[in-house]
Structure formats: structure tokens, C-alpha cells
Amino acid sequence: MAPRILCVGIPVRDLTFRVETVPERGSKANASHFAEICGGNALNAAIAIARLGGRVSFAGPMGDARETSSGFILERMAQEGIETTHIVRMADLATPVSAIMIEPSGERTLTIYRDPGLWNVKLPDAGELLADCQAVLVESRCAAFCTEVCVEARRRGIAVVVGVDRALALTDGLLTTASHLLFASAQLQETTGVADDGEALRHLSRLTPAFLAATRGPRGTIWLNETGELDETPAFPVEAIDTLGAGDVFHGAFTLHLSEGGDVREALRFAAAAAALKCTRHGGGLAAPQRLEIEEFLRGYRELTLNAPPRL
1 MAPRILCVGI PVRDLTFRVE TVPERGSKAN ASHFAEICGG NALNAAIAIA RLGGRVSFAG
61 PMGDARETSS GFILERMAQE GIETTHIVRM ADLATPVSAI MIEPSGERTL TIYRDPGLWN
121 VKLPDAGELL ADCQAVLVES RCAAFCTEVC VEARRRGIAV VVGVDRALAL TDGLLTTASH
181 LLFASAQLQE TTGVADDGEA LRHLSRLTPA FLAATRGPRG TIWLNETGEL DETPAFPVEA
241 IDTLGAGDVF HGAFTLHLSE GGDVREALRF AAAAAALKCT RHGGGLAAPQ RLEIEEFLRG
301 YRELTLNAPP RL
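In terms of the UniProt record's numbering, the sequence shown has 80 at position 80, counting the first letter as 1, and numbering is strictly consecutive.
These are computed hints drawn from the structure, not numbers from a lab. Take every hint as true, because none was put in to throw you off.
Okay, the calculated beta carbon distance ranges per label pair:
| hint | residue 1 | residue 2 | range |
| --- | --- | --- | --- |
| 1 | E266 | V22 | 33 to 39 Å |
| 2 | G157 | L15 | 36 to 42 Å |
| 3 | Q290 | Y113 | 31 to 37 Å |
| 4 | I241 | R206 | 35 to 41 Å |
| 5 | R281 | G127 | 36 to 42 Å |
| 6 | E232 | R89 | 40 to 46 Å |
Computed from a predicted model, the values in this text were never measured in an experiment. For glycine and all other residues, C-beta sits at the position ideal for the given N, C-alpha and C.
Construct all of the structure, not just a fragment, from the sequences and the given hints.
Given below as C-alpha cells:
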């Protein structure tokens, strides 16, 4: 049976605009395309996991049952086969909404509103959340309401993967609770105050027993192996047209492959392929690939590498 993964985070309603360039302050710009999609780090990862064959349940806060954004998101979660039983509706609060501008290079600029009251959510009982669960994937900003669940997961021997897209305090509970910490490069350096990714990872390894990695977009992923040495997983070269959600798709694919019994090297390569394919199409997390697409992509890449002429 496919592994079941619990994703914890805060869903977002994304309004996306394709623009030739981000407008200067105080100016206007016309968009060539508009789309309304669902997003948020953990939700994008959950969509990726579901499309890659995993069973996904989602836990976290959402706005009042009367507001429209939550209904929009829940409908799309149902379409993806994501279990929503553990989502907590917060009376009189708004589900987060973001406005995102995407340039032809795929780079995105966004602004987001999250109701501060959402962080006061009380998740369901940890035993209920973790039943039949092989892994937990959480957003780094959700430590205030998910650390206890993560502690219980680790007590049960369940992997806890944290996708870090913001600077962490060195006292953050998730830093020592997680089994795997996947940083974005900028946030790794901001967290440690160290400008070199490799040195920043070594610095963190003295503070946490977790597996540590930093994603660097087209420069691939740098990570510490089981002997404490730096290793790298290259990114797959693709023509990127939309990077929105690529890191989240990476986190979801990594977590699923790990829960299927793959080692971290295999999981990182699988995740790199998933993120690369996502970047070749518009749609944020909703552009996450299917399992067959990744398998064909990796097969084609292997054949291309094997048939390449030798270097002189």
C-alpha cells in the first residue's frame, strides 16, 4: 500500500499574473495571463505527493466556513484526492490570499496576507493525526502549532521533514525535532549568519541531529552525508517558465520517496526531477508532475548521459 503522509501547514488562495517585468514602484503593468489557483508550501507539497502516488492527509487552519477562499481551496484538494478531515475552520478569520507576478524567466514576486489569528489553531489529537502515517511534512512557519505533533511522530519513529523557506531562530523547536531539514539557500544563510552554504550546513550540524540540505535552484542541492562530508545533487537543466511552488514540489517528492524506503541520495535525485518538470509549466503546485512523467524523464536523462560522446 502507498505510504500515508501527513502534511501540516496553512493553505493559500493564489492569484497569479504573468507579466513581462515587475512594475516599478507607483506604476502599473498589464498582465498577459491570469489564473486563480490554490497554494501554500505544505499544500503544494501535498498535491505533489498525491500525484506521485502517495496517500495524503492535511492538517492546519483555514478561514471561516462562510468565506469563499476556503471553499475554493477545499474543492481543489478534493479533486487531488487529499484528505481534509483534519483541517480546522477558524471562526471569523480569513483564509490567506496572495498576489503573484511571474516573469518570463519563471521568477516570481509575491505578496501575501495571512490572518494572525490562524496561528492560534489547535490541531486534532496527535494520535489521530499520526494513525497509519509513514512521514510528516511541515512548513517551517508552523512550529507554534505543530511541534508537539512532530515530537510525538519522532517518538514513534516517524520521519519529520521540514521545508524551510524562512529564517529559523536557533531556538526553534523544529530545528531539533525534525529528522530532515530542507533549507532554501538564502534562508539557510540567514538562519546561521554564514554566507557559504557548506559552512552554514556544518554550523547547523552542531546544533541538530537532523539530515541537512540546502536547495539552490539551478545550482542543485548541497547536503551533508552520513559521514558529515558535503555532497551535491545537481539540478536537471530545463527551460524554466514558472518557479512558483518548485521548492514545495521538491519537498513533497523527497518525503514520498524517503517514505517508500529510498535513501536520501535517491530521494534528492527524485525530488530534483520533480521540481525540474514543475518549472517547465505554469500553475504553481498545480503543475506538479505525475509519477510516470518523472520515471520517463529520469530514464531519458540516463539514456542521454550514456549515449553522450566522451569528453576529450
